[in-house]
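Number of protein chains: 2
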Amino acid sequence: MKKRAAPAKALAAEIPDVVIQRLPLYARTLNLLAKDGVEVVSSFRLGELLGSTPAQIRKDLSYFGRFGKQGTGYNVAYLAGRVKQILGLEQEWPMALVGVGRLGQAIARYPGFAAAGFRMAALFDTDADKVGKRVEGITIRSVEEMPRALKAEGIQIAILAVPADRAQPVTDLLLEGGVRAILNYAPVSLKVPPEIVVRSIDPVLVLQSLTFYLNNHR
Amino acid sequence: MKKRAAPAKALAAEIPDVVIQRLPLYARTLNLLAKDGVEVVSSFRLGELLGSTPAQIRKDLSYFGRFGKQGTGYNVAYLAGRVKQILGLEQEWPMALVGVGRLGQAIARYPGFAAAGFRMAALFDTDADKVGKRVEGITIRSVEEMPRALKAEGIQIAILAVPADRAQPVTDLLLEGGVRAILNYAPVSLKVPPEIVVRSIDPVLVLQSLTFYLNNHR
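Sequences listed follow chains A and B, in order. Using this note's numbering, the first residue of the first sequence is number 991, and each one after it goes up by one. Using this note's numbering, the first residue of the second sequence is number 991, and each one after it goes up by one.
By construction, these hints were calculated from the structure, which means they are not laboratory data. Since this is a predicted model, take the numbers as computed values, not measurements. Do not rely on the hints blindly, as some may be mistaken.
Which copy is meant is left open, so a pair is good if it fits within one copy or across any two.
Here are the simulated DSS-like pairs of lysine-lysine, each with C-alpha atoms no more than 27 Å apart in a straight line [as the list claims (entries may be wrong)]:
| # | residue 1 | residue 2 |
| --- | --- | --- |
| 1 | Lys1181 | Lys1141 |
| 2 | Lys1025 | Lys1141 |
| 3 | Lys1141 | Lys1120 |
| 4 | Lys1025 | Lys1120 |
| 5 | Lys1141 | Lys1123 |
| 6 | Lys1025 | Lys1123 |
| 7 | Lys1181 | Lys1025 |
| 8 | Lys1074 | Lys1181 |
Modelling step: build the complete structure from the supplied sequences, incorporating the hints.
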């Protein structure tokens, strides 16, 4: 029980990042099980569903306290609620999107974000031709307005979908506006202070690791 | 030198997956250094550029043989070439895209793939209204034609951008057509045999791990 009593800051520091990155998958899988009326699930079954081993499942979940009862498995509803709580998914998170080009528009219109509690709250673009236009009922504003607007609207999460060469200056403006977490679609590594979290989605890098396996005939 | 002499199959088996997933970032960073005229780079500098430690860099690269000379660092051109070779990036890879909706169109038109040696070779959709239309000069075909077309065109890599409920049946058709690597944008876990490599890009899952850090005040 010691872990549960620890302050949140210490919690974040002691859990390996790979575990944090797997937790949303746990949340999704547990929600699907709950929808199917499943009340109790074993680490074996969770392993099957997540493409992992029962030992890995037990180890991952042990970071957050004792959930399972030996021999009976995990209570699905309780575990789902607890993972949601740990991930901070009990609240709605407003997000800003910077870059409303082809990819940005697909992102702005993706219904999966709102369904998961992420509300697209603000759109920005560096292109003057796009400023003032509306996408999904939200008016695109200029990046110059961004720092003040982000602060005023209390937005801490941004999605970056600008070309590579604009990514760093736009990031600097996001940080000026108080953004603390960035989902980066631009194919560059962003320079940010250590307390800022950045995750990058770069399909080319993913494809390049796939070809390793094709090339090595796994 | 033992590692270099090992057959490719053994090579793929012994390198941790997390290392493989980092290699494309090495390739990108080394290419940028080479473009900037840098001839030699230390593990310290590579660590800075990759957001990693010098020890981690040396460990990662040690899986592929001895690259660095003690005290002098890595030869950028040689290391870039070797990483490219290991990843199988010396050839062009034709790809199929299934699902030409909003996201699929952004993917079909993204110039970054071709620049990295991934050629969009075929488009498919489950929607009869889209079949026959052209995107970037490629005619969209029906998924029923997919298995035969993929075999005929020797396509081993597919990008999946269909809605969640179509993902598994489309995947089965991809495998029937001989596809061995899938980049999955649908928010579901695909069931595939162990020899097939799947990587998923799901921005919601990424956002849900970002909120952990916001919630825990890293």
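Hint check results:
{"no.": "1", "hint": "Lys1181 with Lys1141", "result": "within (21 Å within a copy, 44 Å between copies)"}
{"no.": "2", "hint": "Lys1025 with Lys1141", "result": "neither (38 Å within a copy, 39 Å between copies)"}
{"no.": "3", "hint": "Lys1141 with Lys1120", "result": "within (22 Å within a copy, 43 Å between copies)"}
{"no.": "4", "hint": "Lys1025 with Lys1120", "result": "neither (41 Å within a copy, 33 Å between copies)"}
{"no.": "5", "hint": "Lys1141 with Lys1123", "result": "within (22 Å within a copy, 45 Å between copies)"}
{"no.": "6", "hint": "Lys1025 with Lys1123", "result": "neither (39 Å within a copy, 38 Å between copies)"}
{"no.": "7", "hint": "Lys1181 with Lys1025", "result": "between (41 Å within a copy, 20 Å between copies)"}
{"no.": "8", "hint": "Lys1074 with Lys1181", "result": "between (30 Å within a copy, 25 Å between copies)"}
Violated hints, listed in ascending order, are 2, 4, 6; each of the other numbered hints is respected by the structure.
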